[in-house]
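Colleague: In order, the protein sequence lines correspond to chains A and B. For this note's numbering, count along the first sequence from 1 and bump the result up by 8. For this note's numbering, count along the second sequence from 1 and bump the result up by 265.
Mixed in with the good hints, there may be bad ones.
[Unchecked claim] Dumping the calculated DSS-like pairs for lysine-lysine here, alpha-carbon to alpha-carbon at most 30 Å: (1) B:609 with A:149; (2) B:411 with B:345; (3) B:645 with A:149; (4) A:89 with A:172; (5) B:345 with B:600; (6) A:137 with B:645; (7) B:609 with B:393; (8) B:445 with B:645; (9) B:483 with A:137; (10) B:562 with B:616; (11) A:137 with A:288; (12) B:458 with B:445.
The set of hints was computed from the structure by calculation and includes no laboratory data.
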Amino acid sequence: MLEFTQQIVNGLSLGAIYALIALGYTMVYGIIKLINFAHGDIMMVGALVSYFSLTLLGTNIFVAMAAAMIACAVFGVLIEKIAYRPLRNSTRIAALITAIGVSLFLEYFTIFIFGPAQKVFPASAFPIKAYALGGLSVLNKDVFVFVSAVVLMIILQYIIKWTKTGKAMRAVSLDQEAAVLMGISVDKTISITFAIGSALAAAAGVMLGIYYNTVNPLMGIIPGLKAFVAAVLGGIGIIPGAMVGGFVMGLLETMVSGYGNSLYRDAVAFGVLIFILLIKPSGIFGEDTGEKV
Amino acid sequence: MRIGKRIALLVMVLFVFSIAAAGCGGGTETDDPAGDVIKVGVNVELSGGTASYGTNARDGALLAIEQINKDGGVLGMQLKPIERDNKSIADEAMSISAALVGENIVAQIGPLTSGDVAGSTPVMMENKVPLIAPAATAANVTVDDKTGETRDYIFRVCFIDPFQGTLMAKFAAEDMNATKAVIYCDNSSDYGKGLAQYFEKTFTENGGTILAQEGFVKDDRDFRAALTKIKGLNPDFIYVPGYYQEVAPLIKQARELGITAPIGGCDGWDSPDMVSVAGNEALNNSFFTNHYSSQDKDPQVVEFVEAFKAKYNKEPDAFAALGYDSVQIMVQGLKDAGEADSVKLKEALEKITDFAGITGNMSIDEQHNPVKAGVILEFKDGQQVMKTRIQP
């Protein structure tokens, strides 16, 4: 029983990281129907910014996180302006391929500048404390990641449901042309979407840095991919869906490693994904909207 | 404006010529009167992904050549190293080998990685010039996978991958008195899988049981699920063959979960990042196999370490020691052969027994692998401390 509870803790903290990344994915998709494959790499940039803020400027972790989020927000807006905006009216596959291109560019440009070697995230930035609850090992970083993911999701949900900007986002998501006619600036709304999405990615990047205390130019690929799967699993475009999808992925991987065999971890996790999508193609939280003729 | 352009063009043309001329300049160094020197090719990785391996092995090899020349050379002749950078690219290693063979080298030291050696192999085989690989550990470097035949002209001075698994299993069973082990290996590389296989074989032969085998893949960063399971099994030894990028966070997480059992590994652990990522405390009570230790009290090793430090002002790592041994075993072969002839050198190398190298006593077996000892290193408060030397 103790082991099972420990596995739940493991799964939830892994899932929280996936959820945090998935939030940004799903938000961008929800507004402009673009799967932003560069999302994982923006996360890496965020982790790098916080790394340099910690080591070169000697700031504390909260300042580093704020710096990473601001830098990535600006960066995300720039990427959208340069790479995605000119393609807004072309086919979706063109935008998708551009996103992959941006992703590769970020990865290899970072390698070109900083080299391929991993950098060690300073351990002093976030001293690890373990809470032993009757044989159960819970670390303060687990709690930190979990709470941040939930809080950020609530804030995001609030912005989208209750603010004017959120209203504009939903309008753009529903029908861009009609939104323009209602006096909404589509460019501005999409820029804000990218700013928020990229800031979320940066937050996730800093947490990955704290969590596994290394930063490297290719660190965004695998978590980015898994988070994408989590977003699809929960129903891409739906904020609570990303959250639930992330936790489901985290728990699934953990349970397969813990009670099945770690060698089959990814196979089973992705198998379940395929199964869920066969039954409910729009994801757990997705609404089945019939194709209009 | 137009004149300006012409001048620019002229400058460019001159620039190109000067580069070409500089490039050619390097080629004239080979015009030595033949006969009183023995040329040795040094085909190593001085740039690219594995530059640190190549640079250290080159330093070791050049130190050996310098010492031998100071003591009067071999067969009354001086050794002359011809050093080339293969840029960590297998194709480049091949064309450099072809160029070196053209300069009448008696043998080639390097390349370092198994992949680059494979690139160089066909040229060396065709021209019947021995290649001595300092650190290529893949089993198929010296043996053709398809036919099972030994590659005549390819030798090495390092032990091969599977041997490390055997070594650690012996250490776990005999020195640590472990009977219940768990294997948690890098399942995405032949290296990790091969080591795990031989660990299991030797460990069970010594009366131990393997409670479970778990796996991770390259770039994994979260190991807690499998580690929690391993903790529940309560093993008295955990074997983790893999590279430091994954192993360092793995050990850190294991200790965070409260796993106190000794953890064993392999030469893929040998990196400063192990300590900086996992931390001093987490690494205590963990051990790994390696080719050699600069802390070895063996007088021959002490002498080597001092000479190396005096010349390069840095600690010699395993690659430096293997580079040094590569030259020394070649010299032994030349002495045995009695003349500086590539084919006779190959025959002599095949017969080498009990050669006393820095990385241990070695005898070349029929597959051109050295039969030699390995060392076990222990992490103590962030320092690598030599634990023991284990004979095969």
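Colleague: Hints first: check each against the structure and report whether it holds.
Modeller: Here is what the structure says about each hint:
| no. | hint | result |
| --- | --- | --- |
| 1 | B:609 with A:149 | violated, 64 Å |
| 2 | B:411 with B:345 | violated, 37 Å |
| 3 | B:645 with A:149 | holds, 27 Å |
| 4 | A:89 with A:172 | holds, 23 Å |
| 5 | B:345 with B:600 | holds, 16 Å |
| 6 | A:137 with B:645 | holds, 23 Å |
| 7 | B:609 with B:393 | holds, 10 Å |
| 8 | B:445 with B:645 | holds, 24 Å |
| 9 | B:483 with A:137 | holds, 28 Å |
| 10 | B:562 with B:616 | holds, 29 Å |
| 11 | A:137 with A:288 | violated, 41 Å |
| 12 | B:458 with B:445 | holds, 19 Å |
Of the numbered hints listed earlier, those contradicted by the structure are 1, 2, 11.
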